[in-house]
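Below, each chain spelled out in residue letters.
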Amino acid sequence: MRNSAAEDEKEELLTIVIQDYGDYLKRTAFLILGDIGWAEDVVQEAFIQFYKNIHRIRKHSSIKTYLYTILINQCRQKMRKNYLKRESVSAYIQEEMERYIRGQENQADKLYLRQCLSKLRPKDQEVIILFYYQDLSIQEISAMCSEKEGTIKSRLKRARDRLKKYYEGGEL
Amino acid sequence: MTEKDFDLFLQKSLEESVEKIYVSDDEKEAIYDHIQRKSKDNWVKKFLNYEICIPLKPLWIGAVVCFIGVFYLSIHTFQITPEEIAQSRITIVKLDKGGK
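Just so you know, the protein sequences line up as chains Y and U, in that order.
Numbering-wise (this note's numbering), the first sequence opens with residue 1 and increments by one.
Numbering-wise (this note's numbering), the second sequence opens with residue 173 and increments by one.
Looking at chain U on its own, in the form it has when it is part of the complex (with noise of 0.2 Å):
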């Protein structure tokens, strides 16, 4: 057999011995139900990036500047200074004694 010949041998038999293999409609549903699981886990992204067109990044930060925001101020609303602590002392010192 010629190098020829044998390439030719070789094309035709390949091909032929795969020539019943399909792609069935089961694998194809397969591929689209894979795809759509795996979009719907990320559903977070899918909603903001797609349906109100917020970027995920500012977002984040966003969220981020809020909570230290909110964290700065509970501590610093409430915090009671010892000049404070003293003075309400002091008060209840001279209301106990009957002063004004």
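Looking at chain Y on its own, in the form it has when it is part of the complex (with noise of 0.2 Å):
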């Protein structure tokens, strides 16, 4: 059946989306989940919602805010149904984490870090990730987690400080 020029037009948005960003939903999903299957299905829904609500991205500042604000709420819903499994899985995502960063520079390092930023709490780690990794500035971040400018700052600036803490304090 032949497709009308608004749904090739969509398709033709979707690949070039996946494209330019997939790699970058992917890698932050998956230093939010820490479980390289959960950020598969993440970024996989979180495509299939874009693509479905593309008309919807007048009302955001660009494509790149509202692709992370698609995703993070994915992370959450994601995080939120395997609340229970979390604690069963924390040595699976250690190994996983293990596994990615075993044979890199400095690996000990990272994977301590890794380790570090994963006993902040979710939205703490979600701010770093979204300010270190992707470069975001605070105000993208506040859009995106739909909270105030002023929230972001204090919760970056809290989160950098424990997650030094924990790193220099050398205990978990």
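Warning: the hint list may mix true and false statements.
As the list claims (entries may be wrong) - In silico PhoX-like pairs for lysine-lysine, Cα to Cα no more than 20 Å straight-line:
#: 1; chain 1: U; residue 1: 200; chain 2: Y; residue 2: 64
#: 2; chain 1: U; residue 1: 200; chain 2: Y; residue 2: 10
#: 3; chain 1: Y; residue 1: 64; chain 2: Y; residue 2: 119
#: 4; chain 1: Y; residue 1: 123; chain 2: Y; residue 2: 148
#: 5; chain 1: Y; residue 1: 164; chain 2: U; residue 2: 200
#: 6; chain 1: Y; residue 1: 123; chain 2: Y; residue 2: 81
#: 7; chain 1: Y; residue 1: 52; chain 2: U; residue 2: 184
#: 8; chain 1: U; residue 1: 200; chain 2: Y; residue 2: 165
#: 9; chain 1: Y; residue 1: 78; chain 2: Y; residue 2: 123
#: 10; chain 1: Y; residue 1: 81; chain 2: Y; residue 2: 148
#: 11; chain 1: U; residue 1: 184; chain 2: Y; residue 2: 157
#: 12; chain 1: U; residue 1: 192; chain 2: Y; residue 2: 153
#: 13; chain 1: Y; residue 1: 164; chain 2: U; residue 2: 184
#: 14; chain 1: U; residue 1: 176; chain 2: Y; residue 2: 10
#: 15; chain 1: U; residue 1: 176; chain 2: Y; residue 2: 157
What the hints assert, rightly or not - Sample of chain U residues lacking proximity to chain Y, with all beta carbon distances greater than 10 Å (derived):
#: 16; residue: 233
#: 17; residue: 237
#: 18; residue: 239
#: 19; residue: 241
#: 20; residue: 256
Because the hints were derived from the structure by calculation, they are not lab data.
Nothing here was measured: the structure is a model prediction, and the numbers come from that model.
Positions of the beta carbon are idealized from the N, C-alpha and C atoms, including for glycine.
Each of the two chains sits in its own frame; use the hints to bring them together as a complex.
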């Protein structure tokens, strides 16, 4: 069956978005969730949601902000659904992390930093990852999390201080 | 470690720890498959909207009006009034008696 021009345009946009943001989204999801399988699920769902609600992009400042908003919501949903499983899979998460980090330079530091990061509250982890990994501004993060800029600023400072304290203290 | 150094270390560590993660072709295929499957599920809407360009709302309203119309006609066309029944009985009685 022939697709309409609008549908073709949507698919074309989706292809571009997957190409440009796919890897970054998956990496962010992996950093937040700590599980590659969950990250894959969440990224797939995020792109499907994006495709379905493509007409809402105009309300958002950019495609990037919109995509990350969907991703953050999907990650939160995934964590909520698997709340009970989280404790039991924490060992598995560490193994997964080790598998990815192994073979790289300064792997012990990275692994330890990752362990420290996982001790933070999920919302604090999100802010750290979005700010430091994705290099997003406070304004963009506040738009994604639907919270005031001041709240994000103070959350980021608290999370960073706590992470530094965990890392330098050497005790988790 | 100063705050600035820690920030740089944090940034670098996060980047390096996930740099080998990519969206595979299989995952991309899965996304497209999912979208296509969803589209096929909704083939009536797709066909009406994109192939012959009839909006769904007027179509459903039209279908309901047609249904009510047919129902109304079926009631009113074949309904026999009491007068007609009485008239037919009189005729039968007359015929039985040999009258005209």
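Can the restraint linking residue 78 of chain Y and residue 123 of chain Y be considered satisfied, given a maximum Cα separation of 20 Å?
-> holds (14 Å)
Beyond 10 Å from every Cβ of chain Y: is that where the Cβ of residue 237 of chain U lies?
-> It holds; residue 237 of chain U is separated from chain Y by about 28 Å at its closest Cβ, greater than 10 Å.
Starting from residue 164 of chain Y, check that the Cα of residue 184 of chain U is at most 20 Å away, please.
-> Roughly 15 Å between the alpha carbons, so the hint for residue 164 of chain Y and residue 184 of chain U holds.
Status of the stated non-contact between residue 233 of chain U and chain Y (beta carbon gap over 10 Å) = holds (23 Å)
Could you grab the alpha-carbon distance between residue 123 of chain Y and residue 81 of chain Y and see if it respects the 20 Å cut-off?
-> holds (16 Å)
Would you mind confirming whether the straight-line C-alpha gap from residue 184 of chain U to residue 157 of chain Y stays at or under 20 Å?
-> Holds - the C-alpha atoms of residue 157 of chain Y and residue 184 of chain U are around 19 Å apart, at most 20 Å.
Distance restraint between residue 176 of chain U and residue 157 of chain Y, which requires alpha-carbon spacing of 20 Å or less | holds (13 Å)
Is it true that the CA of residue 200 of chain U sits at most 20 Å from the CA of residue 165 of chain Y?
-> violated (40 Å)
Residue 64 of chain Y paired with residue 119 of chain Y [C-alpha distance capped at 20 Å] = With Cα atoms ~28 Å apart, residue 64 of chain Y and residue 119 of chain Y exceed 20 Å; violated.
Are the Cα atoms of residue 123 of chain Y and residue 148 of chain Y separated by 20 Å or less?
-> holds (14 Å)
Assess, step by step, whether the Cα of residue 164 of chain Y is no farther than 20 Å from the Cα of residue 200 of chain U, and give holds or violated.
-> Violated: residue 164 of chain Y and residue 200 of chain U sit about 38 Å apart, past 20 Å.
Pairwise hint evaluation, residue 184 of chain U against residue 52 of chain Y, where the allowed Cα distance is 20 Å at most | violated (35 Å)
Of the numbered hints stated above, those contradicted by the structure are hints 3, 5, 7, 8, 10, 12, 14, listed in ascending order.
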